[in-house]
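K.L.:
Read off the chains here:
Protein chains: 2
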Amino acid sequence: MKAHMIPVSALLLAGCAANSAPVATAPPPPPIATPAEAAKPPVALQYLYGSPEAAIAVRATNARIADYGVARIKQRPKDSVVLAPGATMDAPAFEPCGDKPFAAVFDADETLIWNLGPMRYFAEQGIAFDPKIWDAWEKTGAGKAAAMPGTVEMLGKLRAAGITVIANTNRSAANAKGSEGTLRAAGLGDFKHGETLFLMGDDAGGSSKDGRRATIAAKYCVIMLAGDQLGDFSQQFNDKDLPAAQRMALATSPAAATLWDKGWFLFPNPVYGPWEKLGWDDAFPSDKKWEPSQ
Amino acid sequence: MKAHMIPVSALLLAGCAANSAPVATAPPPPPIATPAEAAKPPVALQYLYGSPEAAIAVRATNARIADYGVARIKQRPKDSVVLAPGATMDAPAFEPCGDKPFAAVFDADETLIWNLGPMRYFAEQGIAFDPKIWDAWEKTGAGKAAAMPGTVEMLGKLRAAGITVIANTNRSAANAKGSEGTLRAAGLGDFKHGETLFLMGDDAGGSSKDGRRATIAAKYCVIMLAGDQLGDFSQQFNDKDLPAAQRMALATSPAAATLWDKGWFLFPNPVYGPWEKLGWDDAFPSDKKWEPSQ
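Protein chains in written order, with my numbering: chain A, 1 to 294; chain B, 1 to 294.
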């Protein structure tokens, strides 16, 4: 569709409204947009948090997860979908299931819940992500995050089938009570730190979720992983030395393709993520450059 | 995931880099960002066009479309998935199939192809969507758009199954040759204006695709519609007087839910669309407002 397309720079201009006034006659603009300046949220936030188009995509992913989970446990899978320690996408190997009970492992932020409170605050204030503000959010956010569309129903179906629902998130272990409360207040039921809620600081792995995944897979047959970023599936994708083109190749390789939508489920999140590192030539192949002739 | 989250205002700042320099000592900033100022594309463009996360989502949608199409024609459906004239989501009724041949109907922009050429140009120049530039793009873009991930394979499977592939787009009928060439150069095969390519200006409906859908459904059993915006499914969703909350309710109603992923397929596009109209309170429910305590 293009008829209603007034794109791209609506997004650029959202934060620049005051600065795009004639500067000669206006007072010096503040360095960063303030709430009064941005009449609307940036387009990625409008899309994700406000559009039926995104709500439909999220609901459809949740429906696939529920259907997959309920069907998959009837097959009594031999292996978890958690890569074994040291295994990579080039030579995948998985934790064995044995007769362990079934679990489904979810990231939390922008996977189970939408962080409406701080996302609006950051955008309205025109400030960058601030770890101190985020820390306050983890502590005090209960009631101000929302379950994503269809997530309550999806979790209900998994739990009714006897699947343990676990969250593995990079929220801080120091704020466990706050995050438990946030998930509960969003209608997602009880998550308990150390049992069904795994947090950054639980082990020495820092922001890598691999160690926590191994801990979970030692106790459970993990039938699915779900998240909004590739690090929710394997830390291999987060290697700082991995060039963008190789990250793309690895994530869309035949080995990975056998997992997407079949054990590994990805939610849309255009608002924040590792893609923020991408430069012009990463996002746009140079052979596709175009400009109108004069 | 949040460990790498430096979000939201990366997007605001992308177009504001020069203006966020100290204004007292810098020369008056230009009203709009110029290429040298934006070191990176806005986050929505980074995500859609550059991230494996988006590529995986698009590939998965294309895989579902191919699987659905090949399976669906074996069931010899009684009805098209095109709403009959006058029918609405509240009281849906569909065009009958009879013994018409099968067709799959796609939007073009951000559904079959990614418009990498003008999207980079708009963003680098920091200019709003410009209909004159877009007109030039429709005429001269062949080779500078890319087939979306998995789209070539998906179309190949549908055509091999005997399904006619049709594009219904709001590109201009006056630029039919350019759009035919753009689709062909992207590796998507032949689309012929009036037969397998329907354009704005083909009838008196303007940007509404309903009339063109009716024309197609008169000749074909339309087993699926695919697009990135709700107008690719029914013009009802584009009613200018439809409040955002009602558009959401209509698109996620039980009647619509029976169609999503089962005849109606939606591709992610956080870059542009009707959601650009949404204000703060449309995208963020007021009961979810939050700020850090001082």
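Don't take every hint at face value.
[Said to hold, decoys possible] Just so you have them, the derived chain A footprint on chain B, three or more residues with Cβ under 8 Å:
(1) 57-63
(2) 172-183
[What the hints assert, rightly or not] Among the chain B residues that face chain A by a calculated CB cut under 7 Å, a handful are:
(3) V43
(4) C97
(5) L116
(6) P131
(7) V152
(8) V165
Rather than coming from a laboratory, the hints here were simulated on the basis of the structure. Glycine included, C-beta positions come from ideal geometry on N, C-alpha and C.
K.L.:
All the hints need checking, so say for each whether the structure fits it.
P.N.:
Outcome of the hint check:
no.	hint	in the structure
1	57-63	holds (count 4)
2	172-183	violated (count 0)
3	V43	holds (6 Å)
4	C97	violated (25 Å)
5	L116	holds (4 Å)
6	P131	violated (9 Å)
7	V152	violated (14 Å)
8	V165	violated (18 Å)
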